[in-house]
Amino acid sequence: MDAQDVGGVHIKYLHHCRRQLWLYVRGIRPEHLSARVKLGEAVHDTAYGRFQPVDLGAARLDHLDGDLWVHEVKSSRNPTQADEAQAIHYCHRLVELGVQARGAILHYRPTRRTLRLPFDEPRQASAAADIAEVLAVAGSASAPKRLDRPRCKGCSFTDYCWTE
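Going letter by letter, the sequence shown gives residues 1 to 164 in UniProt numbering.
Derived by calculation from the structure, the hints in this document are not laboratory data.
Check each hint, because a few of them may be wrong.
[Claimed, not checked] Quick list of the computed label-pair ranges, beta carbon to beta carbon:
1) Arg26 <-> Asp67: 35 to 43 angstroms
2) Thr111 <-> Gly66: 23 to 31 angstroms
3) Ala128 <-> Gly66: 35 to 43 angstroms
4) Gly98 <-> Asp120: 13 to 21 angstroms
5) Trp162 <-> Asp55: 31 to 39 angstroms
6) Ala3 <-> Ala143: 18 to 26 angstroms
7) Pro53 <-> Arg29: 15 to 23 angstroms
8) Thr163 <-> Pro118: 37 to 45 angstroms
Backbone N, C-alpha and C define an ideal beta-carbon position, used for all residues, glycine too.
Using the sequences and the hints given, assemble the complete structure.
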């Protein structure tokens, strides 16, 4: 795996759970069994029909508007660091491709809230550091420690982490 292979899911998992990232990189992908993932897909498919996805290879963002703002639809109620990092990663990828993304707008469908994140210098540096950290976790010979059980609620990887 190299920097060009790092996508939005990798970044989201880095910020949510490094063990989840490590398992995902190794091809363990139980997301299709998760009711939460299915709900998120349904919200995405029905909430913002005007959005046109943009495929960047390893990354796929929900929409890029004419003013060069990345739009991401979220099914959760509250913003998380993982959501923000994922959206900023998409801005970083666009800039690498020569598109001067201005920032990201996160759309939280259940609360009808939006969060605007300008793609400034600190966020550019954070996006580059995240890629390096994903590569470090992916290259590790052993899985990172699992999170405390309450933080695993609803995770599709729970069986891989908590089955003894």
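Pro53 and Arg29, beta-carbon distance inside 15 to 23 angstroms?
Given about 20 angstroms between the Cβ atoms, the range holds.
The hint says 35 to 43 angstroms between Arg26 and Asp67; measuring C-beta to C-beta, is that right?
39 angstroms, holds
Please test the hint of 18 to 26 angstroms on the beta carbon pair from Ala3 and Ala143.
22 angstroms, holds
Has the hinted range 13 to 21 angstroms been met by the Cβ atoms of Gly98 and Asp120?
With a Cβ separation near 19 angstroms, Gly98 and Asp120 satisfy 13 to 21 angstroms, so the hint holds.
Do the Cβ positions of Thr111 and Gly66 conform to the proposed distance bound of 23 to 31 angstroms?
Holds - the Cβ-Cβ distance for Thr111 and Gly66, about 26 angstroms, lies within 23 to 31 angstroms.
Take the C-beta atom of Thr163 and the C-beta atom of Pro118, compute their distance, and say whether it sits inside 37 to 45 angstroms.
Cβ of Thr163 to Cβ of Pro118: about 43 angstroms, so the range 37 to 45 angstroms holds.
Is it true that Trp162 and Asp55 lie within 31 to 39 angstroms of each other by Cβ?
34 angstroms, holds
Do the beta carbons of Ala128 and Gly66 sit within 35 to 43 angstroms of each other?
27 angstroms, violated
The structure fails hint 3 only (numbered hints given earlier).
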